[in-house]
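Starting from the known structure of chain A, arrange chain B on it as the hints suggest.
Protein chains in written order, with this note's numbering: chain A, 1 to 215; chain B, 1 to 255.
Think about it this way: if two alpha-carbon atoms lie no more than 30 Å apart in a straight line, the pair counts; the simulated DSS-like pairs of lysine-lysine are: (1) A:Lys-108 with B:Lys-196; (2) B:Lys-69 with B:Lys-235; (3) B:Lys-69 with A:Lys-26; (4) B:Lys-38 with A:Lys-2; (5) A:Lys-204 with B:Lys-4; (6) A:Lys-211 with B:Lys-38; (7) B:Lys-4 with B:Lys-235; (8) A:Lys-161 with B:Lys-4; (9) A:Lys-211 with B:Lys-69; (10) B:Lys-3 with A:Lys-161; (11) B:Lys-4 with B:Lys-38; (12) B:Lys-234 with B:Lys-38; (13) A:Lys-59 with A:Lys-97; (14) A:Lys-2 with A:Lys-59; (15) A:Lys-204 with B:Lys-38; (16) A:Lys-108 with B:Lys-4; (17) B:Lys-38 with A:Lys-26; (18) A:Lys-204 with B:Lys-69; (19) B:Lys-109 with B:Lys-162; (20) B:Lys-162 with A:Lys-108; (21) B:Lys-234 with B:Lys-29; (22) A:Lys-204 with B:Lys-3; (23) B:Lys-38 with B:Lys-235; (24) A:Lys-2 with B:Lys-69; (25) B:Lys-69 with A:Lys-32; (26) A:Lys-108 with A:Lys-161; (27) B:Lys-3 with A:Lys-108; (28) B:Lys-141 with B:Lys-4.
Only part of the chain A face toward chain B is listed, based on derived beta-carbon distances under 10 Å: (29) Ser-15; (30) Asp-111; (31) His-194.
I should point out that these hints are in silico values taken from the structure, not numbers from a laboratory.
Note that the Cβ used here is the ideal one computed from N, Cα and C, for glycine as well.
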Amino acid sequence: MKVTIIDYGLSNLLSVQHAFAHFGAKTLLTSKPEDVLAADALVLPGVGAFQDGMAGLEKLGLVEPIRQKAAAGTPLLGICLGMQMLFDESEEFGLHKGLGLIPGRVVKIPDTDADGCPQRVPHISWNPLYPGGSRADFGGTVLAAVQPGEECYFIHSYEAKPTDETDCLAFTVYGGRRICAAATHGSVLGCQFHPEKSGEVGLKIIEEFMKSADR
Amino acid sequence: MLKKIRLIARLDVKDTNLVKGIQLEGLRKLGDPNAFAKEYYEQGIDELLYIDIVASLYNRNNLSDIVRKTVDDVYIPVCVGGGLRSVEDVRHILAMGADKVAINTAAIKRPELITEVAEAFGSQCMVLSIQAKRSRTWPGKWEAYYDNGRAHSGYDVVEWAKRGVALGAGEILLTSVDNEGLQQGMDLELIEAVTKAVNVPVICGGGVGCGDDIVDAANAGADAVACAAVLHYKKENVQELKDDIRAGGVEVRRV
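Just chain A, with the same shape it has in the complex (with noise of 0.2 Å):
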C-alpha cells in the first residue's frame, strides 16, 4: 500500500517514512494538493509552532484537500503538532484556526503540576497511554496490538482538550493530571506522541493504521 505523507517543510519527515517502509510500505513525501486528494492513507507530521504549521498548509492550498479526505473517510493520521491541527483551534501564541476536524482546542501544559509545584514544560518523557474516554481497552482501534501501560514518547509544550470525551482514544498522565494521549474522530486519528520515535510499541500502532487503511 501507499501512505502520502504531507510535507510543508517543518519535520524530520525520514523517521515517518522509515517506519512505514519497515512494514513494507510505498511512501509519497509530497507538498501538492493533488497527491493529497488522491492518496490511500495520509500522514500529517509536524514539529514546532501551530500557526506556522497552518500557515504552511494553507500556503500549499493544503487545508480544503485535508478536510476532502477526512470527509470521505481516508484514514489520517497526525502526530504532534499534526494532532494539534486537526482540532478546531489553538492557544499557542494568540489563537488561531486549526483543520476542525476533531472538536475541541489545544491549550498550554500548565507550569505547575496538580500539587501545585512547578514542573517540567516541555513535557519531554516516555510516558503510558491509558485507555481513554470510558473505554475498557483498545480492542478494534488503531491503538489496539497496546497493552494499557504501554509507554510511548511524547515531546509537547500543548496539550490538546477534545470536547467530547469519547474523541479522547488514549490518555496519559503528566503531573498527576490526564492530558489527551491520542484523539480520534471519525477516520482521523491524532497522536501527541511520536509512534515512529517509540521503539516496537510505536511500531505496533504504525502497522495498526496500516491495516485500517487496508480494510
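Coordinates of chain B only, in the frame set by chain A:
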C-alpha cells in the same frame, strides 16, 4: 509522585569512530558508532545523543551519514550536536533524521542562534549544551566551556542556563567536565543548581559509573541522564542500569 527519568546513551564521535576520553581528553577509539547505537536501542535505551566532538574546531559536523544510517532501523529520539552554527546547519541534520540539536560553541559565540533555531523548528528541538567546570575564581560556581572543554566563556553556568531558556532553549544538556569519563558519580551540586534555576527538562551527564549514580542525579533534579563509558566499556548494559534505577526508587521506561 514517583520521579521518572529518561536514560540516554551519549555517543561521542570523531571522524567515523565512537570515542571516549576522560574529562574530554585522551580519546580512545571504540568502534563503529552505528553498531553501538543499534545495540543500545535493542537493549531499551530511551534516547540517543550523538556529538561530533571535533566539529566545532573544524567548523563542520560530520554526523550526517551516521545519523541517516541510525534512523534506518532505530525508532527512538536522536539528538545531534557538534559544530552546528546556523539554522541551515540545523535544517540539514534534521533532514538526515535528527529530532533535536544540541548547540554549545555557536550559542556562546552568538546567543541569538538559540532564538533563531527555536523559532524555525520549535523550542523542543533546541537543546542548549553546557559544558560546566567548577570555577577556581568563583567559589561554589561553575563556568561554561566550549570547543569541547578547551575554551572558557566567562559565563556563569546557572546564569547562562537561565538566559538560554529565556532565549528559547526547550531543554538543557548539562555536562560536568570535571566528572566526565571518571565513572565515579555525577556533580550533584551542579545538577541541583541548574535544575532549580530553569523550568525546562535538563539532561545531565558526566560521571555515571553505575545505576546508583543515576538515582542520585534524579534525586538532585535531573530529568534525564546521559551515560557513555559505563555502557561503552560494557560495565553494565541498559537493562541492568534500568533495574538498578528502579531498585533505587526512580521510574524509567520499561521495555
